[in-house]
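K.L.:
Each chain is listed here by its residues.
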Amino acid sequence: MLDQDNIVLRRTTAFRLSIRYTIGFCLLSIIVLLLVYHHVLKGTNAQIDAGLRAESLTLSLAQDSLDANELVRIIRERSTPKSIKATNKGDPGPRFYLLVDTHGNRLAGALPQWQKFLRQQGDDTLTTLKVRTPQPILHLVEGQPVIWLRSYQTQLQNGNRLLVAQSLNEMAQMHKELLRLVGIVILLMLGVGILGGWWIGKQVIQSMEKVIQTADGIMTGDLSQRIADEPLSDEFALLAQKLNLMLARIETLMKDLREVTENVAHDMRTPLTRLHTHAEMALSQPDDAICRQALQTAVLQSEMLVHMLDAIMNIAQVESEEVISWQTQNLSDICQSALDLYEPLIEDKHLDFSCQLPTEPLWITCNPQLLAQAVGNLLDNAIKYTPTGGCLSLTLERRAQEAILTLTDSGTGIPANERERVMQRFVRLDNSRSLPGNGLGLSLVAAIVSRHSGTLSLDDNTSGNGQSGLKVTMHLPAS
Amino acid sequence: MHILLVEDDEETGRYLIDSLERQGHRCEYSRDGSNGLHQARKYHYDVMIIDRMLPRLSGLDLVRQLKADGIATPILFLTAMSDVNNRVEGLQAGADDYLVKPFAMAELLARLDAIVRRHHQEPGATCLTVGDLVLDRLTRLVTRAGRSIPLRTREFELLEYLMSHAGQIVTRNMLLEKVWHYHFDPQTNIIDVHISRLRAKLETGNRSPLLHTLRGKGYSLHA
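Chains as they are written, first to last, in numbering that gives the first Met the number 0: chain S, 0 to 478; chain W, 0 to 222.
Among the hints, erroneous ones may be present.
To be verified - Just so you have them, the derived chain W footprint on chain S, three or more residues with Cβ under 8 Å: (1) 185-195; (2) 201-210; (3) 299-309; (4) 356-365.
What the hints assert, rightly or not - Now the in silico label distances, taken between C-beta atoms and shown as ranges: (5) E279/S to A105/W: 40 to 48 Å; (6) E9/W to E279/S: 46 to 54 Å; (7) R13/W to M312/S: 21 to 29 Å.
As the list claims (entries may be wrong) - Below, in silico cross-link-like pairs of lysine-lysine (DSSO-like), each with a Cα-Cα straight-line distance of 30 Å or less: (8) K216/W to K177/W; (9) K216/W to K200/W; (10) K177/W to K383/S; (11) K348/S to K66/W; (12) K348/S to K383/S; (13) K383/S to K216/W; (14) K200/W to K100/W; (15) K41/S to K209/S; (16) K383/S to K200/W; (17) K383/S to K470/S; (18) K100/W to K41/W; (19) K254/S to K209/S; (20) K66/W to K41/W; (21) K348/S to K41/W; (22) K348/S to K100/W; (23) K470/S to K348/S; (24) K100/W to K383/S.
Because the hints were derived from the structure by calculation, they are not lab data. Ideal placement from N, C-alpha and C gives every residue a C-beta, glycine not left out.
With the sequences and hints as input, model every part of the structure.
P.N.:
What follows is the structure in structure tokens.
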């Protein structure tokens with residue numbers, strides 16, 4: 000398990016990925032270098048062989064054109080320790096010569112352990128043999144008592160045999176050098192990879208530690224903690240930014256929740272107390288009629304409680320992301336149906352009511368039940384807060400891609416500084432306390448409108464004959 | 000009526016049975032879904048009251064199972080969830096009506112009555128008659144003792160519903176649901192206002208009362 004407070008470096012994703020990447024890269028490099036090495040080896044060997052053949056050929060041609068003694072002289076000359084040593088720069092290494100007669104007696108040359116060569120080698124062939132160098136040559140080939148020789152043997156026209164041999168030790172030395180270099184390069188790459196991984200891992204841990212510290216703080220209950228801002232705009236800063244936004248949202252939600260819970264508890268206390276009082280009264284009443292009346296009041300209070308709970312649940316459900324069914328409906332029909340329901344109330348209050356609905360159907364994608372409830376709530380409010388004989392008007396129109404519903408009344412209105420607040424749950428203005436309601440109507444409307452991706456705004460009703468009042472405007476996206 | 004009640008809460012169950020028996024009904028009580036299914040398959044009932052949340056077999060599954068078995072007994076669905084989706088689910092499963100908890104006993108009785116009568120009624124009579132009140136569904140004309148009564152569309156629908164449930168108790172919520180198709184409670188006395196207007200139109204000229212308000216219960220239309 001990962002320790003929350005200490006991220007182990009070698010367990011970080013960055014480190015593990017770097018190591019994997021490095022190892023993969025090293026393996027690939029080894030394969031490539033080995034291939035190169037193999038080709039270099041092959042190339043130099045071929046070069047040596049070609050050199051030996053060419054030398055043999057030159058000498059045998061020389062023997063043909065000169066007399067036999069001349070060749071002996073040339074070979075003796077080339078076999079002095081000095082000339083063996085004086086190889087040209089860039090030559091692969093010292094060369095040895097040997098000339099023997101038909102009976103196998105040495106005529107000239109200084110090939111070490113030449114009898115071995117004669118025994119083991121056929122004419123016109125190349126052989127590689129390991130030999131111990133005699134003392135005089137020892138110091139010539141880097142002081143090694145054992146050397147590898149590549150030799151070419153050819154029979155001359157007079158029956159004598161010529162051997163030309165090349166020391167391979169210098170070549171081997173070069174190859175060793177090459178391998179060592181490859182090793183160093185691989186080690187260097189591994190080192191850089193591990194160091195890089197360690198460094199990146201460390202950076203990641205540093206960036207994450209802030210997030211982890213904040214998370215720890217939040218887990219202990221302090222929701223106000225935020226991840227420290229970084230001037231850089233790297234992905235960690237972006238993550239921190241997003242997390243901070245998320246935290247802010249959570250904090251607001253938690254605050255809302257706390258407020259709602261407090262409000263619910265507070266607002267339930269009143270009907271619960273009344274219910275309790277009336278139930279007790281009923282219990283203590285010997286008179287049946289009074290007892291019945293007390294019980295009836297108790298039932299009414301409990302109904303109020305249920306209504307309130309229903310309203311709270313309703314808002315919660317609309318605000319949540321829970322799936323609701325969407326239909327395409329004519330908004331005019333929804334308004335008309337709500338008006339049908341409230342019409343008697345409008346008439347009873349003798350309100351001067353005007354209604355303008357568009358002649359064309361105004362299609363919107365909505366949940367008809369919720370929208371009808373929203374329109375109904377708005378109408379209910381408007382009727383409730385408009386005095387008898389006042390004005391009420393409902394206008395519905397389509398402007399571009401929007402359906403705009405405007406409801407104006409000549410009621411008491413809402414002070415500008417309270418308009419945001421009345422859309423919150425349980426908020427009731429002082430002048431409405433005497434009227435029935437639970438302060439949830441407008442919050443439900445606001446929740447429904449926002450669920451339909453619309454906006455709800457409250458303004459002064461400035462239209463008409465100088466009467467003040469409220470103007471509610473609902474913007475909904477039309478389909 | 001012979002009623003099957005499937006309800007897991009014992010207190011609610013006992014209270015319901017008590018009230019139903021006091022109304023003269025005969026009741027059987029099951030406390031879980033599978034037992035309820037067993038009972039419903041074994042005996043014939045006039046109506047079943049099924050709660051949504053049940054142990055072992057949910058109310059929804061129980062209703063679906065009963066309908067799949069071809070049991071046509073009318074079903075009243077009880078639910079503690081008031082949101083529209085849940086209600087629709089119950090009706091789609093095959094319940095005839097639903098009621099959200101908590102409810103008034105009067106509401107339950109009125110709805111039971113409505114679904115049982117609807118079950119025995121052949122639908123689609125063109126003329127509805129209650130006393131001297133006649134409603135013609137085709138011409139959409141309403142007359143009382145031969146005198147025509149002009150009604151608005153919604154008033155006509157309201158009267159049509161009341162007349163097709165003549166003699167029964169009809170609650171406010173039933174009217175909201177069946178006439179306005181509103182599955183929420185506007186929490187005003189708005190239905191009362193509609194009823195009193197309709198009543199005024201029906202009873203002009205000192206005619207005898209037809210549309211009665213039953214306090215705390217609902218309304219009933221009868222001669």
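K.L.:
Of the numbered hints stated earlier in the document, which are not met by this structure?
P.N.:
1, 2, 4, 5, 6, 11, 14, 15, 21, 22
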